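S.K.: Chains as they are written, first to last, in our numbering: chain P, 1 to 79; chain V, 1 to 79; chain S, 1 to 79; chain W, 1 to 79; chain H, 1 to 79; chain B, 1 to 79.
Hints in this document: simulated from the structure, not taken from any laboratory. Fair warning: this is a prediction, and the values are worked out from it, not measured in the lab. Where a beta carbon is used, it is the ideal one built from N, C-alpha and C, also for glycine. One or more hints might be untrue.
Said to hold, decoys possible - Calculated cross-link-like contacts (lysine-lysine; reagent style DSS-like; alpha-carbon spacing at most 30 Å):
id, chain 1, residue 1, chain 2, residue 2
1, V, 26, S, 33
2, S, 26, H, 26
3, P, 26, V, 33
4, H, 33, B, 44
5, S, 33, H, 44
6, H, 44, B, 26
7, W, 44, P, 33
8, W, 33, B, 44
9, W, 44, P, 44
10, B, 33, H, 44
11, B, 33, W, 26
12, B, 33, W, 44
13, B, 26, B, 44
14, S, 26, H, 33
15, P, 44, W, 26
16, V, 33, V, 44
17, W, 33, P, 33
18, H, 44, S, 26
19, W, 26, B, 44
20, B, 26, W, 33
21, V, 44, P, 33
22, V, 44, S, 26
23, B, 44, H, 26
24, W, 26, P, 33
25, H, 44, S, 44
26, H, 33, H, 44
27, V, 26, P, 33
28, W, 44, W, 26
To be verified - Residues of chain W clear of chain P, computed beta-carbon distances all greater than 10 Å:
id, residue
29, 15
30, 16
31, 18
32, 19
33, 39
34, 77
35, 78
36, 79
There are 6 protein chains.
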Amino acid sequence: MQATTLIPGNTLLTATPEEGRQLAMKMARLVIKATQPDDAIRGKLRDVYANDAAMLLQVGQTVAAEFATIAAANNHWRG
Amino acid sequence: MQATTLIPGNTLLTATPEEGRQLAMKMARLVIKATQPDDAIRGKLRDVYANDAAMLLQVGQTVAAEFATIAAANNHWRG
Amino acid sequence: MQATTLIPGNTLLTATPEEGRQLAMKMARLVIKATQPDDAIRGKLRDVYANDAAMLLQVGQTVAAEFATIAAANNHWRG
Amino acid sequence: MQATTLIPGNTLLTATPEEGRQLAMKMARLVIKATQPDDAIRGKLRDVYANDAAMLLQVGQTVAAEFATIAAANNHWRG
Amino acid sequence: MQATTLIPGNTLLTATPEEGRQLAMKMARLVIKATQPDDAIRGKLRDVYANDAAMLLQVGQTVAAEFATIAAANNHWRG
Amino acid sequence: MQATTLIPGNTLLTATPEEGRQLAMKMARLVIKATQPDDAIRGKLRDVYANDAAMLLQVGQTVAAEFATIAAANNHWRG
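Please model the entire structure based on the sequences and the hints provided.
M.R.: Structure (C-alpha cells):
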C-alpha cells in the first residue's frame with residue numbers, strides 16, 4: 001500500500017506554467033519520499049544532493065522530465 | 001521465459017493521476033524484480049538505493065519516464 | 001553487418017501492455033548483445049549489473065524508454 | 001512555499017528558437033536555485049560543473065530536455 | 001566542418017522496425033565517430049565500454065532514444 | 001545576458017536529416033560553450049571527454065535528445 005500522496009490535488013492541470021513547474025518539483029520530491037519515508041534520513045540526503053554539483057544537475061534532469069508531462073497535460077498553457 | 005508480471009492488471013489505464021503515479025512506481029520496481037528475481041538480494045539493494053542521494057534521484061528519473069507513458073495512455077486524465 | 005536480431009518478430013505491435021513490456025526488456029537486452037556478442041562476457045557483466053543497485057536502476061531507465069516507444073506504436077492499447 | 005520564480009514571464013512561449021533556448025537554460029538554472037537557494041554555495045558548485053567535462057555534458061542533457069518541452073509549446077516556431 | 005556522415009542514406013525512413021533499430025545503432029555510433037575521429041582511439045574505447053556493465057547499459061539508453069525518433073518518423077511501421 | 005548564439009540561424013528547420021543531425025551536435029556544443037565560455041578550458045575538457053568511453057556515450061545521449069526535437073520540428077523530413 002502506498003501511504004504517501006504522490007500527486008498533490010490528484011491532477012496534472014495547473015493554472016499557469018509556473019504552477020506546473022512547482023508541481024513538477026513536488027512530484028519529483030514525493031517519489032523520493034515514497035521510496036525513503038524516513039524524514040530524518042531524507043533530510044540528511046537532501047543536504048548531500050543540495051551541496052553536490054552533479055546531483056543538483058540530476059535534480060534538474062528529473063524536474064525537466066516531470067515538467068514535460070505536466071506541460072503536455074496542460075496543452076502547454078496555450079489557452 | 002518471463003515469470004514476473006511486469007504490468008499489474010495488464011493495462012496502462014487508471015482512474016486518476018495518483019493511481020497512474022502508483023502504477024509508474026510499480027512498473028519501475030517490477031523491471032528490477034524481473035532483472036534480479038532473488039528477494040533477499042533485492043532487499044539488500046533496496047537498502048542501498050533508499051539511503052543514497054544519487055540513487056534516489058535516479059529512482060525519480062525512472063518513475064518520471066514511466067509516468068510520462070502512463071499519462072499519455074490516459075490522455076492525461078483530461079476527461 | 002549486424003548478425004544479432006534486434007527486434008524479435010520485426011514488429012513493435014503486441015497484443016497487450018504486458019507483452020509490450022516484455023518486448024521492451026528484450027529489445028534492451030538485444031542492444032547489449034549486439035554490442036557485446038560474447039556470451040561468456042555478457043554473462044559475467046549480467047552478474048555485475050543484477051547485483052548493483054545503481055545499475056539496476058539504469059536498467060529500469062532504459063526499459064522505460066523502450067517501452068514508451070512500444071506503447072506509442074500500439075496506441076497505448078486503447079482499443 | 002516556493003520563493004524562487006521558476007519560469008521567467010510565466011510562459012513557455014517565445015518569439016524565436018534562440019529565445020526558447022535561452023529560456024531552457026534559465027529554467028534549468030532556476031531548478032538548481034530553488035533546490036540550493038544559497039548564492040555562495042551555488043557559485044562554488046557552478047565553478048565545479050563548469051570545469052568538469054562530465055558535468056558539462058550533464059548540463060547539456062538537461063537543457064536538451066527543457067528545450068524539447070519549450071519547442072513543443074511553440075509548435076517548433078513553424079509559423 | 002563535419003566530415004563524418006551522421007545519418008547513412010540521409011533519411012530516417014526504413015522498411016522495417018529491425019532496419020530502424022540498426023539505423024539507431026549506427027546513428028549512435030556515428031556521433032561518437034564525429035566526436036572522436038581517431039579510429040585507433042575509438043577502437044580502444046570500444047573495448048572499454050563493451051566490457052563494462054554500466055557503459056553497456058548506457059549504450060542501451062542512447063539507442064533507445066535514437067530509436068524513439070526513428071520509430072516516430074516511420075509512424076511506428078503501422079502501415 | 002546571453003552572449004553565445006545558442007541556435008545557428010535561429011531556426012530548427014533544416015533541408016535534410018543529415019543537416020538536422022549536424023544542428024543537433026552544434027546545439028549540444030553551444031550549451032557547453034555558454035556554460036563554460038573560456039575557449040582554453042573548453043579545449044582541455046573536450047580532450048577529456050573525447051578520450052573517455054563513458055563521456056562519449058554521454059555525448060551520444062545528449063545529441064539523441066537534441067535531434068529528437070529537431071526531427072519533430074521538421075516533421076521528420078517526410079515531405
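S.K.: Against the 30 Å threshold, does the CA-CA distance of residue 33 (chain V) and residue 44 (chain V) hold or violate the hint?
M.R.: Distance of about 13 Å is within 30 Å: holds.
S.K.: With the threshold set at 30 Å, check whether the alpha-carbon distance from residue 33 (chain S) to residue 44 (chain H) stays at or below it.
M.R.: OK: residue 33 (chain S) and residue 44 (chain H) at ~19 Å, within 30 Å.
S.K.: Given the hinted pair residue 26 (chain W) and residue 33 (chain P), is their alpha-carbon gap at most 30 Å?
M.R.: holds (27 Å)
S.K.: Checking the smallest CB distance to chain P, is residue 39 (chain W) really beyond 10 Å?
M.R.: holds (13 Å)
S.K.: Are the Cα atoms of residue 26 (chain S) and residue 33 (chain H) separated by 30 Å or less?
M.R.: holds (27 Å)
S.K.: Are the Cα atoms of residue 26 (chain V) and residue 33 (chain S) separated by 30 Å or less?
M.R.: Holds, at about 27 Å.
S.K.: Measuring Cβ to Cβ, find out whether residue 79 (chain W) lies farther than 10 Å from everything in chain P.
M.R.: Fine: 15 Å to the nearest Cβ keeps residue 79 (chain W) off the interface.
S.K.: For the pair supplied as a hint, residue 33 (chain H) and residue 44 (chain H), is the alpha-carbon distance within the 30 Å limit?
M.R.: holds (13 Å)
S.K.: What's the verdict on residue 26 (chain W) and residue 44 (chain B), does the C-alpha distance respect the 30 Å limit or exceed it?
M.R.: Status holds; Cα separation ~26 Å.
S.K.: Quick one, are residue 44 (chain H) and residue 44 (chain S) close enough, alpha carbons at most 30 Å?
M.R.: holds (20 Å)
S.K.: Within a Cα-Cα threshold of 30 Å, do residue 44 (chain P) and residue 26 (chain W) meet the stated pairing?
M.R.: holds (28 Å)
S.K.: Starting from residue 33 (chain B), check that the Cα of residue 26 (chain W) is at most 30 Å away, please.
M.R.: Roughly 15 Å separates the two Cα atoms, so the pair holds.
When the structure is compared with the earlier hints, no violation turns up for any of them.
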